[in-house]
Every structure is written in structure tokens, then in C-alpha cells.
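Protein sequence lines, in the order shown, are assigned to chains A and B. Here the first sequence is numbered in my numbering, starting from -6 and rising by one per residue. Here the second sequence is numbered in my numbering, starting from 13 and rising by one per residue.
Simulated coverage check for chain B against chain A, where a stretch passes if three residues somewhere in it have a Cβ under 8 angstroms from a Cβ of chain A:
hint, region
1, 149 to 157
2, 176 to 185
3, 191 to 197
4, 200 to 214
5, 223 to 230
These aren't lab readings, by the way, just hints derived from the structure by calculation. Note that the structure is predicted; figures quoted are calculated from it, not measured. Note that beta-carbon positions come from the ideal geometry of N, C-alpha and C, so glycine has one too.
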Amino acid sequence: MVLALIVLVPLLAGLMCLATRSRTAWEWLNLLAFAIVGALAIVLAANLLSHGTITGLGGFLRADALSTLVVLLIAFVALGCAIYAVGYFRREERDGRAIATQLRRYYVLTPLFVSMMLLVPLADSLGVMWVAAEATTITAVLLVTFYNQKTSFEAGWKYIIIGSVGISLALFGTVMTYYAAAKVVGHTEHGMNWSVLAGVANQFDKNAMRLAFICVLLGYGTKAGLVPMHTWKPDAYEEAPIPTAALFGAGVINCAIYGIARFDVLAEKCLGREFPGKLLIGFGLASILLSAPFILAQRNFRRILAYSSIDHAGIMVAALGFGGKLGALGATLHMLFHAVTKPLMFFCAGNVQQQFDTAYLRKIRGVVHVLPWTGGLFLMATLAVTGTPPFSIFQSEFKILSAALVAGRPWVAFAFLAGVVTIFAGFLMHMARLNLGNPQVRPGPVVASECPWKFCAMITVAAAVVMLGFWIPAPLYRLVEEATHIIGGF
Amino acid sequence: MNSPQIGSQFLTLFAAGMLVFQLLLVVQRMLLTNIRLFALQSLLLAAIAGIVAWFNKAPHVYLVAGLTLVGKVWLLPWILQRQVRRIGITQEIEPLLNPPTSMLICGALTLLGYVVARPFTSLERFGNNTLAVAITLLLTGFFLMFNRRKAVTQVLALLTVENGIMLAAVALTTYGMPLVVELGIFFDVMVAVMVLGILLYRIRESFESMDTSKLSQLKG
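Kindly produce the complete structure, drawing on both the sequences and the hints.
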């Protein structure tokens, strides 16, 4: 019941937004829906920890620790974005960058988008998971083109074409997995269910599974933004409104990594560690290493965020590739920490962009002099996202590094470290100049009070970021540990 | 009429037919003809689904055949044709590679498809060339997408890729996928084409062109 509600509540809210015509109603419907989803996600987590795996709708939906963790994170990000969106879009409307019909499009499509995102981890059938993943692509296109500029259409077109190519590969991989399992599982309505497949994966047809895993990795890798399928990402992140970009950067990415992790478990059981491991490490490392120079040379901070997201997708995939207890733990923790930290980055970026009406780094200096809170939090978020201690991402990256060494891949560990450090340097250089540098032109007056909605979203997320650096609540850690068992396949 | 051998032969024949239509699509530049070629290819897919359903006594695969018939043979081509007429462009501009070169590349891709499918091909299996054709449709579909610059053709290319995957799903597993997944995929494809249609129209409005090579402002 809880499972079905988690998916249905936002869906319903989206449809209700379609029927109403007042901005306040849209805002409250969105806020209410995501608050309910948040509460339901917590209930789900509590149930799961006390009763174990939960199924719903006759086995159609299924939540184990890994799905629950992903649901929890999506709910967190969605609620944060919903709060932020209220302030953000009011300002956009006031400044004449958006009109009511555009706002309506946002408030109708976002709940649908989130609903499909939530279905990805909750669907037991790999086929339904694919359908949901494709649906996130479709529902988000018109959000990417929100601003109706030429560049938005370009970004939207790239996004849907590259996304569809990728996702069709994932479908082919899913079909091949079904075929690989057909001799063992037989043809039943449950023949695509992960819970069924995981039990018998060691008897799969090996050739078919090999082809399937390659296709799935390319497919969901496109959604996660792994190199070389990442090209849609910078454009979409630059053009989409901030709350949508944050949902991409902290929500969709987890859905994609989740999909890869599920198939990785099957592939590992069928083919052993070596084959999927090598592929995952290859794509992961390529993503980390390629995003480093692009971050260093970047002129637009929205695109920096995109490359950072490519980098983090690479880190998570590489962690899955290293495998073992440490790799699985590193990947799960990174999923958690990244999803909590990234929205703050987007929110601060959104504030800066709205204040200065540009996203070009060279046009903005000394944000702290104008927006003290945003500037300060932006710097903090930068440190947190690049994995500086005491922030939590440092811990997960450290675990992943250890996993690489334990797996006997010192060169990979070295390259990983080099990439991460370069990105840290690049990020810090850009963001320090942006936030602390001397204002070139006379800065506007200090904005006395930042918008309460945006401020509330930022402070909440920032508090979570700081908290996770020092303390992970015990139930959350148990959830992470159980998810680790699922990813590690033990 | 009930012998599986005949069924298998028809399956092989129709799958080959799908490949032929795909290759015609690669060299044909008239947009409306392209759309019709896609409809014909989908018709063959529906027929294949029908054959599979008949010989494997799998009633729900008839539904797949029906959905393909309604969706891909009738509805989508109709939507796309209307789009093309409304925009008033009938011909694809020069593709990146000329037809002979494209044909040569598609030949190579077909070969690749058969090589990749080799480990799964056995003469005993029902319709033994289908996986190879499916993979070839996938590869040539991607090629078509990169080779053409008109947005409509790119959508068509995407749909032929879809056809390839459905062919694999129907013929390879000899039973099709679970019903809910089939329905989900069908629904997704329909909505995707509508959204692409909206986007296409907007692109046309703001660029006064459907040439996707003009979408090149975003860099880095």
C-alpha cells in the first residue's frame, strides 16, 4: 500500500495541477505531494528495517534496502526542490523570464517526472523499471525546454535523442537478460522480476548475459551521463530551470546508477567479477578523467555542475566495478552523500544566476558581498562536493579508493586520485573567484533578506550536509549496510 | 498450415523483409516515402508477432501484434505525415554520406549484426535469423540517426531501432515479454513521439528550419 502511494501521490498531484489555474494552488499541491512522499518514504524505511523486504500490488512493486535508500533520497531531493522552486519561479516571473503558462508546465510535469523516478527503484520487473526510466526522459524534455529559447530547444533535442538512443540500448539489454534467463525461469509473468532472476542468475546463458550487460551499461550509463554518452548533460543542465537541473543531478543519476547496480548483481553472479568489473571501471575512470579538464577550462558555472555530475557518476560506477565489501559500501555511501550534497550546489548556483542574470563565471565576482548566505553556502557546498574533509563525500571517496587498492588495482587508484584532485583544484579556483573575488563593477547593495522559500530549502539541505559529515543516524546506516549486501551480492 | 517449419520460414522471410525496408529507408530521401517504409516495416513486425503467437499458442502476443498494427502501422505514420505536411518539407537535404557509401556501411553493419548474433543462432530455433536482423536494425537505426539531419528522419530512425528491439523481444524469447512490460513500452513510445512532435514544431518555429545541424550553439 505504501509502495503504491509513493508512486501515485505525485502522479495525482501532477494531474490536479493540470486542472487548476492558480499559481498558489500549483505551489501548494507540489509542496504537499512531496511532503507526503517524504513522510511515506520514511514510513517505508521504518517498515523495511523492522519487517524486511516489502512487496505491493501483487508483486508488481517491491522494496528492499537498496530501493528504499534510493526512494528516500529522491524524496529528499524532490521536497528540497519543491520548496526552492516556489521562491525561484516567483522571482523568474517577477523578473520577466517566465510566464504563467511556463510555470504551469513546470508544476504539472515535475510531479509526473518525480513519480516516474520513484517507480524506477520500486518496480520489481526489470522491464517496468525500463519503462519508468524512459518515462523520466520523456516527462523531463519539456522541462529542459522550459525557457523556450533557441538554446533550450537545442538542449532538449539533444537530450531526448541521445537519451532515447541510450535507453533503447538499455531495453535491448533488458530483453537479452530476459532471453538469457528464459531457459531457467521459463515464460511467466514474473520472468523479468529481479527478485526471481537474482536467485538463479548463476544458471543464465553466459553469452547472452555478456551482451546484455554491455547494452545495459551503455543504456543506463547514458542516463547517468557516463563518458562518452555524456554529451547531453552539460546542455541540459545549463538550459533547464534550476530545480529541474537539481532533480537531474541528484535524482535521475541515482536511478541510473541503481539500474546499473541491479544488472551488475545479475552479471556478477552469472559471469564472475572480472567481466562486469572491467567495464564498469573503464567507463567510470573515463568519466572522471574526462570531466577534469572540462571543469578546469569551463566558463559557465551551470556547465561545471554538469561535469561534476559526470565525474560523480563515474566515481559511483567505478566503485561498483571495484566490487567487494568496500566497493559496494563506497558506492552506496556515495549515492547517499552525493544526493544530499548536490542540491545545495544547484540552489546556490540558482540564486547567483538570478541575482546577476548570467551564468558566466567571468561576469560575476564577489558573491559574498551581495548575497552573504548564498556566497558562504556556495563555498561550503563546493568543498563538500569535491570531497574535502570533514564533509561526507570525503569518506565515501576514501572508501572507494581503498576498494581500488584492495581489488589490486593501484594504477586505477592513482588515476582516480589524480582525477579527483584535479577536479577539486579546478572547482575551488572557479568558485573562490566567483564568491570571494573583488567585485569588478560596483556591487549592488547587500541583499538584506534572501527569499524565505529559497533560504529555507538551502538551510535545510546545508544542515543535512553538515550533519552527514559528522554523524549518520543509526537507522540510515543500517539501511546503507543492507543495501551494500544487495549490491555486493552477499 | 500448422507445421512449425512453415512458421519458421515465414518468420525468417518477414524478418529479412524488415531488413530490406530498413535499407531502403537509409537511401530514400523523400520524407513521406520514408514514413511509409517505416509503416511497412512495422506491418511485417506485426505479422511476425502474429505468427509467433499462433505457433507458440501465446494469446497475449496477439495483443502485441494488435498494438503494433494500431500504433506503428497506423497512428504514428499518420501523426508524422501530418507533421511533415504541416511543415511543408518533402525532401531530406543532402545526408552526411551519399547513398552508395551509406549502403556500404549498412552492409558492414549487417555483417556485424550477424557476427554478434552468431553465438545465439542455431538452425533448430524458431526463426533463426531474427536476432541478427534485430541487431542490424539497431545498428543501422543508429547510423541513420547520425547520417540524417532532418528531425523527422531522426525520429523515424529511433522508431526503427524500437522495431528491432521488439523483433528481438517477440521472436527471440518465442513468447514475448510479460504483458505489463509490453504495454508500458507501447505507451512510452507513443508518448515519446508526441513529445518529439511538440518539440519538432517548436524547433521549426524558432529556427525556421528542421535541420538539426543548426542546433549547434551549445558547446564545451
